[in-house]
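Trainee: Each chain, letter by letter, is given below.
There are 2 protein chains.
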Amino acid sequence: MPAIALVIEFDGTDFVGWQYQENGRSVQEQIQKALSTLYKEEIKVTGSSRTDAGVHARGLVCSAKVPFIIPEDKLPFACNALLPEDVAVVKAYKVSEDFNARFDNKGKRYIYRIYNSPFKSPLRRRYSHLVTGTLDVEAMKKAAPFFEGEHDFAAFCAAGGSQNTTVRRLTKVEVHDPDENGIIEIEVVGEAFLYNMVRIIAGTLLYVGQGKIAVDDIPSVIDSCDRERAGKTLPPEGLTLEEVFYDYA
Amino acid sequence: MPAIALVIEFDGTDFVGWQYQENGRSVQEQIQKALSTLYKEEIKVTGSSRTDAGVHARGLVCSAKVPFIIPEDKLPFACNALLPEDVAVVKAYKVSEDFNARFDNKGKRYIYRIYNSPFKSPLRRRYSHLVTGTLDVEAMKKAAPFFEGEHDFAAFCAAGGSQNTTVRRLTKVEVHDPDENGIIEIEVVGEAFLYNMVRIIAGTLLYVGQGKIAVDDIPSVIDSCDRERAGKTLPPEGLTLEEVFYDYA
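Going down the list, the protein sequences come from chains A and B. Oh and the first sequence: position 194 is 194 in this note's numbering, straight run, nothing missing. In this note's numbering, each residue carries its 1-based index in the second sequence increased by 1000.
Some clues are possibly wrong.
In silico SDA-like links for lysine to any residue, alpha-carbon gap of 25 Å or less [as the list claims (entries may be wrong)]: (1) A:Lys65 x A:Tyr20; (2) A:Lys65 x A:Leu38; (3) A:Lys94 x B:Phe1119; (4) A:Lys141 x B:Glu1180; (5) B:Lys1091 x A:Arg125; (6) B:Lys1172 x A:Asp179; (7) B:Lys1044 x A:Ser121; (8) A:Lys91 x B:Asn1181; (9) B:Lys1044 x B:Asp1098; (10) A:Lys91 x B:Asn1116; (11) B:Lys1065 x B:Gln1032; (12) A:Lys74 x B:Lys1044; (13) A:Lys74 x B:Asn1116; (14) B:Lys1074 x A:Gly182; (15) B:Lys1074 x A:Asp136; (16) A:Lys33 x B:Pro1071; (17) B:Lys1091 x A:Glu180; (18) A:Lys91 x B:Phe1119; (19) A:Lys74 x B:Gln1210; (20) B:Lys1091 x A:Gly133; (21) B:Lys1074 x A:Gln210; (22) B:Lys1172 x A:Glu180; (23) B:Lys1091 x A:Thr134; (24) A:Lys33 x A:Glu72; (25) A:Lys91 x B:Glu1180; (26) A:Lys33 x B:Phe1119; (27) B:Lys1172 x A:Asn181; (28) A:Lys91 x B:Arg1126; (29) B:Lys1091 x A:Asn23; (30) B:Lys1074 x A:Thr132; (31) A:Lys91 x B:Thr1134; (32) A:Lys91 x B:Asp1179.
Derived by calculation from the structure, the hints in this document are not laboratory data.
Please build the complete structure, drawing on both the sequences and the hints.
Mentor: Below, the structure is given as structure tokens:
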């Protein structure tokens, strides 16, 4: 049976998240409905990530087995004609039958966007988190690299996760200077993530910017494995899953 | 009686436009309601521009006479607490009593945003116009300066305008290379504008990018004063009123 992988972009504002829920509008349901119409039988997809309600994606990947082949360059157009305006397929791959978007992914890149201004911005509100009051961006930039490498990230994990270990490896954590729109990007790349991990790291870096945690205290906050010592979980609208990495076979 | 000028940002998606309408959600109505609550009497505002339904603004300006003074640095916060999330006051000025945002403005800066991609983008859809198919951006860049200076812009004016003359002066028309998000910005600065003028100029530059009008034909399209020879009126979501210029007294 042929198998496909689809790269999905969506505006998370009006979704309950990626995963199918009986009572709620999920991205997974939209994709499954479109594919089922297209292939004229029920298609189930497996997602790379269960993004939360309100979180956006530019490159979530899902995989599915399908009954016949639609060429890779035609498939996004065929899907998009059947999808609502807040979700789209931006790339399609033919993959080997045992490909699984959840288990085969090699890592993910997230960006958390903070808009730092005294005033709310109607044109930025959907895709960033407003922080009023001055921020020491230089301090945030200095604190970020402490998160890189292999650590026990127990302090950066929301309750309710069911993982065996809270050790994870991050390959890049970088805070970028505000762009011309006043958006500060916090970029986080890693192999795998704990529940709410990026939003808690972003919240901790925000505390550094606000002078609530000193740059040099970050290693001890990490080592403490104490959720109370890290920053708040920032709201979902600031977070975008930018990319998921695979060796497409 | 004191007078104020407010710089307004709004997401035009869910508005019928700036101007008050009996049956429709206008930006003007939201501002007037907030100011009337704040000043405890009915306040009317005059806008710099009547933006159309769906058009955005980062810097529309409106003026009003008010019964008492609220300090300029406090006024945006007070207004924003009373405004919905898709409109905000981002700056306030105390102005002379005879200041009028409509008649005293010295010019405006607009940007029309085109997203050029084979696929729709859920994350860009609200603030840009999707154009599939390749575009010759270099040709668009060469064509833009022909619009600068004083011309009769009759070919770039929607029917229904009531102006005495269709002569206008543009001081800058520039097409920018796609940014990192794939957005091509068409920047238009001028003293005054005809109805739909920026959206028709953008549509004409788009025709140049698509090879439907040659770069060298632009002067004759302008001189023809023939609406049929210019491009289509592009849809409102791509347009943002970025700035309105004044000599604030």
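Trainee: Failing hints, ascending?
Mentor: 12, 16, 29
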